[in-house]
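2 protein chains.
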Amino acid sequence: MNRTYIADVKAGERVRISGFVENLRNKKKMAFLVIKDISGKLQVTIEKEPNPELAALVDRLTLDSVVTVEGPVVANEYVKMGGMEMLPDTLKIESIADALPIKDDSEIDSRMDYRWIDLRREQNQLMIKLQTTLVGSMREFLLQRDFVEIHTPKLIGAASESGSEVFEVKYFDGKAYLAQSPQFYKQMAMASGLDRIFETGPVFRAEKSYTNKHATEFTGFDLEFSYCTSCEEVMHMEETLLAYAFEKVAAKHGEDIKRLFGEDKAVIVPTVPFPRIRLADLYAELEARYGYTVPDECKGDLTTDAEHLCAKFAMEKYGSEFLFVTDYDAKERAFYHMRDERGVPMGYDLIWRGCEITTGAIREHRYDVLKKQAEEKGLGNDVSFYLQFFRYGCPPHGGFGLGVDRLTMLFLGLSIKEVQFLFRGPNRLTP
Amino acid sequence: MNRTYIADVKAGERVRISGFVENLRNKKKMAFLVIKDISGKLQVTIEKEPNPELAALVDRLTLDSVVTVEGPVVANEYVKMGGMEMLPDTLKIESIADALPIKDDSEIDSRMDYRWIDLRREQNQLMIKLQTTLVGSMREFLLQRDFVEIHTPKLIGAASESGSEVFEVKYFDGKAYLAQSPQFYKQMAMASGLDRIFETGPVFRAEKSYTNKHATEFTGFDLEFSYCTSCEEVMHMEETLLAYAFEKVAAKHGEDIKRLFGEDKAVIVPTVPFPRIRLADLYAELEARYGYTVPDECKGDLTTDAEHLCAKFAMEKYGSEFLFVTDYDAKERAFYHMRDERGVPMGYDLIWRGCEITTGAIREHRYDVLKKQAEEKGLGNDVSFYLQFFRYGCPPHGGFGLGVDRLTMLFLGLSIKEVQFLFRGPNRLTP
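Listed in order, the protein sequences are those of chains A and B. All letters in the first sequence, in the order written, are residues -2 to 428 by our numbering. All letters in the second sequence, in the order written, are residues -2 to 428 by our numbering.
Incorrect hints may appear among the rest.
It does not matter which identical chain is meant; a pair holds if it fits inside one copy or across any two.
Dumping the calculated DMTMM-like pairs for lysine to aspartate or glutamate here, alpha-carbon to alpha-carbon at most 25 angstroms [to be verified]: (1) Lys262 - Glu304; (2) Lys172 - Glu236; (3) Lys89 - Glu230; (4) Lys368 - Asp302; (5) Lys167 - Asp379; (6) Lys45 - Asp293; (7) Lys314 - Glu137; (8) Lys368 - Asp110; (9) Lys172 - Glu204; (10) Lys205 - Asp170; (11) Lys245 - Glu137; (12) Lys368 - Asp95; (13) Lys368 - Asp326; (14) Lys89 - Glu338; (15) Lys309 - Glu104; (16) Lys369 - Asp95; (17) Lys25 - Glu313; (18) Lys172 - Asp110; (19) Lys205 - Glu104; (20) Lys309 - Asp293; (21) Lys7 - Glu282; (22) Lys89 - Asp143; (23) Lys374 - Glu294; (24) Lys167 - Glu204; (25) Lys89 - Asp337; (26) Lys245 - Glu373; (27) Lys7 - Glu329; (28) Lys296 - Glu373; (29) Lys314 - Glu252; (30) Lys77 - Glu373.
No wet-lab data here; the hints were simulated from the structure.
Using the sequences plus the hints, can you model the full thing?
The structure is reproduced here in structure tokens:
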């Protein structure tokens, strides 16, 4: 008999299910087990006297042991969980669990030590499902639009975007570094005529930060496309991509997210276009509305306080969780952003729920201009290999990157440690 | 006017196209350009006298410069390429290319030095499209079967499967290593109750090998699923997955593969089930058919010579490009493969076109047995963190991994250097 997922079990059928023993009440005459699989939970009830073999097996069970049970499922209005229970005639012990070293409310570092047990919680399984749907539907959207997928190397010969915060690797008799982002290589793909590309992959940051949003390794979702010439086109690609993915997430997991994380985490599917505002105008609004005055020396960039205030502002003024902020100061932006005739970078940040989730831009594809902009930032030598990509013909292009972990955090109101399959930080390399 | 992909251009329409100048004949009265984008090529013909502005722009063009042209497309039976040409009335130079440092027939290392130019070749663009379809359809197959996607860390605290051939990373004041495979963590996902998972991601091998199939970094496609108890179930998952993906590749790229790589590279969509044979029986067949005698000390594993002969044997005996080989000697297999009552590992290799593309197996999920098998191989301490995954309840499970690069090589008859976006080897970290 094939295994049935618990979510598909119906009263009146005979089924075989497999899962973890989430709850266990082993009384004198009766035993009540709650079996949990990735899809749901089912009560399994065993009358012990007429089933001595099953009773003997149940006596060996511990919490989180794994079993396969088979038998008829009957309706029972007294069972809270789905109004039904299985009355098994066979039970197989797949694995006996030692006494569990953590509980649901153990402190975060203990839960990290035993992450594989922590991940069994329904909330965490939903989180992984949400990530799957999010990333899967973003890829789907892009494949429908003629994007191809690339796999850029994570081992690189020279420190990438900036010289700092990069991990060094012992590479035979020499050194290599771990890529901090696929930025340079996704632009190389444009020079290669691949036209439109995306990549999902790890990025590495050697930052000794201990905040609830920093990790030394996380999953980036990057894309880049050719023959776009205005920042507006890049923003449009991003807002339609996110609206598409959010709709899939809401349809598939909306109810579960509210049930397990609260009504205030309800997924709001955004409408397109997202609101856009210039940085200077944003600061004027924040001052007028909330009395927030940006320090003069910070006017060219978005301060963390202003970033947080964007949540309130975007909702009040536009009824939106999202806000595109444009017209940053060139001094505050990467050298590879193209600048318009005013000298303003043709790029943006996207803020969601008061947190920056993307930097996007039209890239400078003209070798001479790019070289000059790199030199202005004191990056001449470090990026010389990258500058070569633009010498032999390169389409104009733009793109952006998203952090899969950060998006998940914001969806569910969790910290970075809670959303990574296995968190990596300066003090955390295990399990 | 929006850009049209060249493949969608029809005679009788007015279109705007963008692409690289693949060919350029600038005569006295006429100029003939071949413009190439990701989808195809189009001849662009300019009569110079009546179009002095266009003529002046054409005079600046070089091979592989990037242009956008707009104008009517007319049928012309004398044009070999699609029987049509564009007669542009506007031409915009997006990027001027310096003299190209490589040609199509430059030797491989020069082409690697300028990989972004090399990738413009139609064959290479097809290769990336093929990889996109292959990986995309494998994911699609798994998502339809309730698999979730995980992103396991590539930075790890201890050397993984074996102590050798692992890259060391300077990790703040300590050391980390780069994951050689997601094997241990995808099994952790089983202990986490995630039931069925897949991952696409980089794997790192510190091997100083200079063959045409070794790289220090490549892209792995891994999956693992719970509650399978026979090797047959794992093989069935793999053969149906591959048949599904091959069908998509054949439908989408079959004709282009034959056109650009030759009839002998035609994609053959395999029928399920793939043939299966025990290792000992295979050796008996190879001896009887081809006089191949395996050295006694190699009988427990598949030799490289035998692997190659499998191509001929599988086709002759079964009319199949694929062959599952089972019943290896436990001495030759990883400690984490479950063994049957005979002590034979419940695993297999899958051979395609005479090359091993997968090792798959039912894993040993019983802590005591697994610990003993690890110790037998002298791995007690190295894998102690991994052994913990099996102490607190773990479903039985199995799985396999595929190398995306290797599959691509075999599809197209290329070397590893030719199929990676950017090859990484002991002497190659750039660009």
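Checklist entry - Given identical chains, is lysine 167 near glutamate 204, meaning Cα to Cα at most 25 angstroms, within a copy, between copies, both, or neither? => result Close inside one copy (19 angstroms) and across copies (13 angstroms); limit 25 angstroms.
Next on the checklist: If the cut is 25 angstroms between Cα atoms, do lysine 368 and aspartate 95 qualify within a copy, between copies, both or neither?
Outcome noted: between (61 angstroms within a copy, 15 angstroms between copies)
Item to check | Same-copy or cross-copy closeness of lysine 314 to glutamate 137 [CA-CA at most 25 angstroms] | outcome: neither (32 angstroms within a copy, 40 angstroms between copies)
Checklist entry - Are the CA atoms of lysine 369 and aspartate 95 at most 25 angstroms apart within a copy, between copies, both, or neither? => result Between copies, since 18 angstroms is at most 25 angstroms while 63 angstroms is not.
Next on the checklist: Within, between, both or neither: how does the pair lysine 374, glutamate 294 come out at a Cα-Cα threshold of 25 angstroms?
Outcome noted: within (18 angstroms within a copy, 62 angstroms between copies)
Item to check | Identical-chain pair category, lysine 309 with glutamate 104, by Cα at 25 angstroms | outcome: Classified as neither; 31 angstroms inside a copy, 59 angstroms across copies.
Next on the checklist: With identical chains, the pair lysine 314 and glutamate 252 could be close in the same copy or across copies; at 25 angstroms between alpha carbons, which is it: within, between, both, or neither?
Outcome noted: For lysine 314 and glutamate 252, neither the intra-copy (28 angstroms) nor the inter-copy (54 angstroms) Cα distance is at most 25 angstroms.
Checklist entry - Which holds for lysine 205 with aspartate 170 at a C-alpha limit of 25 angstroms: within a copy, between copies, both or neither? => result between (27 angstroms within a copy, 11 angstroms between copies)
Checklist entry - Using 25 angstroms as the alpha-carbon threshold, which applies to lysine 296 and glutamate 373: within, between, both, or neither? => result within (20 angstroms within a copy, 65 angstroms between copies)
Checklist entry - Quick one: lysine 89 to glutamate 338, C-alpha cut-off 25 angstroms, is that within a copy, between copies, both, or neither? => result Intra 72 angstroms, inter 18 angstroms, cutoff 25 angstroms: inter-copy only.
Checklist entry - Between lysine 262 and glutamate 304, at a C-alpha cutoff of 25 angstroms, which is it: within one copy, between copies, both, or neither? => result Only inside one copy: lysine 262 and glutamate 304 sit 19 angstroms apart there, 54 angstroms across copies, limit 25 angstroms.
Checklist entry - Can you tell me if lysine 245 and glutamate 137 fall within 25 angstroms by alpha carbon in one copy, between copies, both or neither? => result both (11 angstroms within a copy, 15 angstroms between copies)
Comparing the model with each earlier hint shows violations of hints 2, 4, 6, 7, 15, 17, 21, 26, 27, 29, 30; every other hint is respected.
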